[in-house]
Amino acid sequence: MNLWKDWRLHVVVLGIVIVTELIGTHKVSIGSGVILLLPMLYAIIIGLGVFFTPVVKEKQSKNAETLVFLAVSLLMAKFGVTIGPAVNTILEVGPALILQELGHLATLLIALPVAVLLGLKRESIGMTHSIGREPNVALIMDKYGLNSPEGRGVMSIYIFGTIFGAVFLGLISGILATITPLHPLAFAMASGVGSGSMMAAASGSLVSAFPNLEKDIVALAGASNLISTATGLYVSIFIALPLTEKFYAFLTKFRDKKTASKVKVEG
Amino acid sequence: MLRTIQEWIMVFIIVGLITLVGNWIGYSVMPVKAIPGIIVLILISLAGLVLDKVLPFKVPAIAYISIIAIIVSMPGVPGSEQVVKWTTDVNLLAITTPILAYAGIAIGRSWADFAKLGWRSIIVGMLVLFGTYLGSAVIAEFILRIQGII
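Chains as they are written, first to last, in my numbering: chain C, 1 to 267; chain R, 1 to 150.
Some hints could be false.
Keeping only pairs whose Cα atoms sit at most 25 Å apart, straight-line, the calculated DMTMM-like set for lysine to aspartate or glutamate is [to be verified]:
| hint | chain 1 | residue 1 | chain 2 | residue 2 |
| --- | --- | --- | --- | --- |
| 1 | R | Lys53 | R | Glu7 |
| 2 | C | Lys62 | R | Asp52 |
| 3 | C | Lys62 | R | Glu7 |
| 4 | C | Lys246 | C | Asp256 |
| 5 | C | Lys57 | R | Glu7 |
| 6 | C | Lys27 | R | Asp89 |
Please keep in mind that the hints were generated in silico from the structure rather than gathered at the bench.
Required output: the full structure, derived from the provided sequences and hints.
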């Protein structure tokens, strides 16, 4: 393989890292939500742009795919050593917060039928098995590969979430907490989706809607986010992804049958 | 096997060096200070990848890596305080930036298919976030009511 000898690729990536970190993080406020412009976001866009220049060739792009898989290992290790020290806290806050994690499965129940209805194929599995953050991207890459339909699906949701996730959750959190009969503390637990910026935006709007509950909202959102980070990957591996595969097979069987009978009638 | 491990080590050293540069520019941590942390992360990753090759279970390598990382950083485990102290100097976002730069170059090859998803991925993306948020809130409401908290 000799991946490490692809100096052209590594120098390009080093250049991208230097430029994007020099630009730094910028915030754009929209209502109660904030669009976070992070170096990692510029990096994926510049990387994509560089692919279409003569600087990078087909070979570099192929090597980059394997490199993403190896480099993601470092990210997983970093997540792990952040969870370890908080193990006692996670045990203390109890089973209520943990069971609430199963709410993530509602994603596939709501989004997968729509994705299939919109005509998306196996991309929809990557898109709807989870909220598509780093651990989920890593899981899909590990199982299907980055250039598979599932990989493209999870990356499109990852990019969508990185750009619009915080502002979208910030907006719907305030709206849902005020128009539905559910308790603000239930929404506080739901705010911990497993992404720091999304949690901050969602719980931030809750606090501005219910200022007298501020301490409880912030505490529950933080604990829930910790648990989402700790368990999200395992819920995806053992429950969400197998369930998405089965539900997809069921939905497409229905769709294909319908298409087949239509063809028969027309023929 | 040995050749593969050697390959992994070389790749981790290169990605580690790029991470140290980003960690320095973006988060003002001197590379010398962050070296122990990045070495720990590399060792955990290597251990996870080797376990994945050696053990027969059908579990993704990233699961082994996460579990090893949690164990070595748990309170009461010998050396865990050092592990936590060192790895804190390696900023999470400093690791993410080079990964996404590689990912950008890699997804270039499938850009045509990617662009085809277009407006549909925006609709599905909104439903994905909406579903997670509302689903979790409904379950939390249910349990909090059973517990008599609300």
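Discussion item. Please verify whether C/Lys27 and R/Asp89 have alpha carbons no more than 25 Å apart.
Written reply: Holds, at about 24 Å.
Item to complete: Starting from R/Lys53, check that the Cα of R/Glu7 is at most 25 Å away, please.
Response: 14 Å, holds
Fill in: 25 Å limit on alpha-carbon distance, applied to hinted pair C/Lys62 and R/Glu7
This hinted pair holds, its Cα atoms lying about 16 Å apart.
Worksheet item: Are the Cα positions of C/Lys62 and R/Asp52 separated by 25 Å at most?
Response: 23 Å, holds
Fill in: Restraint status (C-alpha distance of C/Lys57 to R/Glu7 at most 25 Å)
Holds, at about 22 Å.
Discussion item. For a C-alpha distance cap of 25 Å, please report whether C/Lys246 and C/Asp256 respect it.
Written reply: 15 Å, holds
Checked against the numbered hints above, the structure violates none of them.
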